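J.: Listed here are the chains, written in short residue letters.
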Amino acid sequence: MGVGIEVKDLNAWYGSTHTLRDIHLNIPANHATALIGPSGCGKSTFVRCLNRMHETNPIARVTGTVKIGDLDIYNDVSPVVIRRRIGMVFQRPNPFPTMSIYDNVASGLRLNGFRNRQALDEIVERSLRRAALWDEVKDDLKRKSGASISGGQQQRLCIARTLAVDPEVLLMDEPASALDPISTAKIEDLIFQLKSEYTIVIVTHNMQQAARVAEKTGFFLNGQLVEFDATTKIFTNPSDKRTEDYITGRFG
Amino acid sequence: MQQRIQQSGQTWRRWKNHLATGTAVLGALVVVAPLLAIFAYLIYKGASSLNWAFFTKVPKPVGEIGGGMENAIVGSGVLLTVASLIGIPIGIAAGVYLAEFGRKRLLSNLVRFTADVLNGVPSIVVGIAVYSLIVVTQRHFSAFSGGVALGIMMIPTVTRTTEEMLLLVPHAVREAALGLGVPNWRSTVSITLRTASAGIITGCMLAFARVAGETAPLLFTAFGNDDKSLALNQPIAALPLQIFVYAVSPYNDWHRLAWAGSLVLIFLIVVSVSLVRYVTSRGVLKGAS
Numbered sequence: 000m001g002v003g004i005e006v007k008d009l010n011a012w013y014g015s016t017h018t019l020r021d022i023h024l025n026i027p028a029n030h031a032t033a034l035i036g037p038s039g040c041g042k043s044t045f046v047r048c049l050n051r052m053h054e055t056n057p058i059a060r061v062t063g064t065v066k067i068g069d070l071d072i073y074n075d076v077s078p079v080v081i082r083r084r085i086g087m088v089f090q091r092p093n094p095f096p097t098m099s100i101y102d103n104v105a106s107g108l109r110l111n112g113f114r115n116r117q118a119l120d121e122i123v124e125r126s127l128r129r130a131a132l133w134d135e136v137k138d139d140l141k142r143k144s145g146a147s148i149s150g151g152q153q154q155r156l157c158i159a160r161t162l163a164v165d166p167e168v169l170l171m172d173e174p175a176s177a178l179d180p181i182s183t184a185k186i187e188d189l190i191f192q193l194k195s196e197y198t199i200v201i202v203t204h205n206m207q208q209a210a211r212v213a214e215k216t217g218f219f220l221n222g223q224l225v226e227f228d229a230t231t232k233i234f235t236n237p238s239d240k241r242t243e244d245y246i247t248g249r250f251g
Numbered sequence: 000m001q002q003r004i005q006q007s008g009q010t011w012r013r014w015k016n017h018l019a020t021g022t023a024v025l026g027a028l029v030v031v032a033p034l035l036a037i038f039a040y041l042i043y044k045g046a047s048s049l050n051w052a053f054f055t056k057v058p059k060p061v062g063e064i065g066g067g068m069e070n071a072i073v074g075s076g077v078l079l080t081v082a083s084l085i086g087i088p089i090g091i092a093a094g095v096y097l098a099e100f101g102r103k104r105l106l107s108n109l110v111r112f113t114a115d116v117l118n119g120v121p122s123i124v125v126g127i128a129v130y131s132l133i134v135v136t137q138r139h140f141s142a143f144s145g146g147v148a149l150g151i152m153m154i155p156t157v158t159r160t161t162e163e164m165l166l167l168v169p170h171a172v173r174e175a176a177l178g179l180g181v182p183n184w185r186s187t188v189s190i191t192l193r194t195a196s197a198g199i200i201t202g203c204m205l206a207f208a209r210v211a212g213e214t215a216p217l218l219f220t221a222f223g224n225d226d227k228s229l230a231l232n233q234p235i236a237a238l239p240l241q242i243f244v245y246a247v248s249p250y251n252d253w254h255r256l257a258w259a260g261s262l263v264l265i266f267l268i269v270v271s272v273s274l275v276r277y278v279t280s281r282g283v284l285k286g287a288s
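Chains as they are written, first to last, in numbering that gives the first Met the number 0: chain A, 0 to 251; chain B, 0 to 288.
Derived by calculation from the structure, the hints in this document are not laboratory data.
Since this is a predicted model, take the numbers as computed values, not measurements.
Now the stretches of chain A that chain B is said to cover, found in silico as 3 or more residues with beta-carbon under 8 angstroms:
| id | segment |
| --- | --- |
| 1 | 44-57 |
| 2 | 69-81 |
| 3 | 84-90 |
| 4 | 106-118 |
| 5 | 154-168 |
Beta carbons are placed, not taken as given, at the ideal position from N, Cα and C, and that holds for glycine.
I would like the entire structure built from these sequences, with the hints used as guidance.
T.: In structure tokens:
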């Protein structure tokens, strides 16, 4: 089951660049939340702060609190533990190129010491089914490399790999921006199905996509969260002038 | 008029194309030619002296015809094993440090600089250094000291290729591993190193092939031995060393053996390099690279 995310006073820097300013936000459990905004507005940085990937860059810095369910992720635990509970799907499909499809899905568990083969088989099949990829790859599981399938399939493979470690939250950083419309539609269908079990946060440049998949939408601009509300409200009757300008295409 | 200009322009363009392609092909042939020539000449000179005894007999005393180089073949095997056990792990570890952990630190600049300088140090100097460090303190020549000298010579090549190959692994692959909650060290060992393994193995083979033919660093470390020996604390023979000694000797029979030895040395290097490439390329899945 998914859990809610509570963000308070979040500030982030890259070197001396202040990329996120005083973000306050409550992301509801078991819903999809979309983050929109022009390039460089901080939305990617924001999701990377939610699983502490931001700090993997040596010049990056974060202050503030982020609570995932009851867990204060910057104070209670190590980033490694956090990232197992908060899965992430990246902009470009990034399967491990030297691993088979099977090994890719199993990698998160195996690299953390999980060795039960029978259970692995089941988890791999279940994850691939959930990512709507099973039927396309079930005959080549151990024969084909994760890098040899199409881009759309690779991205669903990455989603399956993330689901296999059984996270509570799924962060998606423009998961469909490198894919064609058909693959994009598949990913969107997937998000629709997955949000009953996971809390999903999706960064997107595609406003129609946000409108299609998310109940809540946040609009970022210059490192600030300008507006956060129900998706229908954001797209039909935004309260901030800047949001309106952005969604009507007047800038950005 | 217009058409003629166009046509003559096209002819000239085609000529330039042929010229450029021709130069490239010529260059490729010039690269391959010396190797083929060496091979042909070695086979011509050495093959007639190759027989079973060459691989199973140790050298006969001066004046007696016959004998073989079993001692040197076994000796090279021992020396290269010791060298690889020293050079490859240290080289890979240093390369991992440079690429993954110390990208901009002072120490990593120092390591990188040292590796590059070490790569350019003449092999005989490495031999002298190991001689004074190990042979002099132990008061005897040994297979161990020879292996250390060769191992030191392997380190820079292995270090630099490991670093370069690791840097070629896309950042996205590392992020994928970290994003799954894999600890940093585990991600480096199981993901980054594994993704770069083909290139790293090639680097190791290059280093191996290079030191397999080294003579100078062995002159005052391994020293040579006319008997077959496996002991690390005894002087030991090596193919290049034996070839050197036989080639500069005044005896015709020894000259023949030197030619045969050269042929065997080249052959062993080609076989071991091909074997490692074959074995490692089989394990990696299709479409991986």
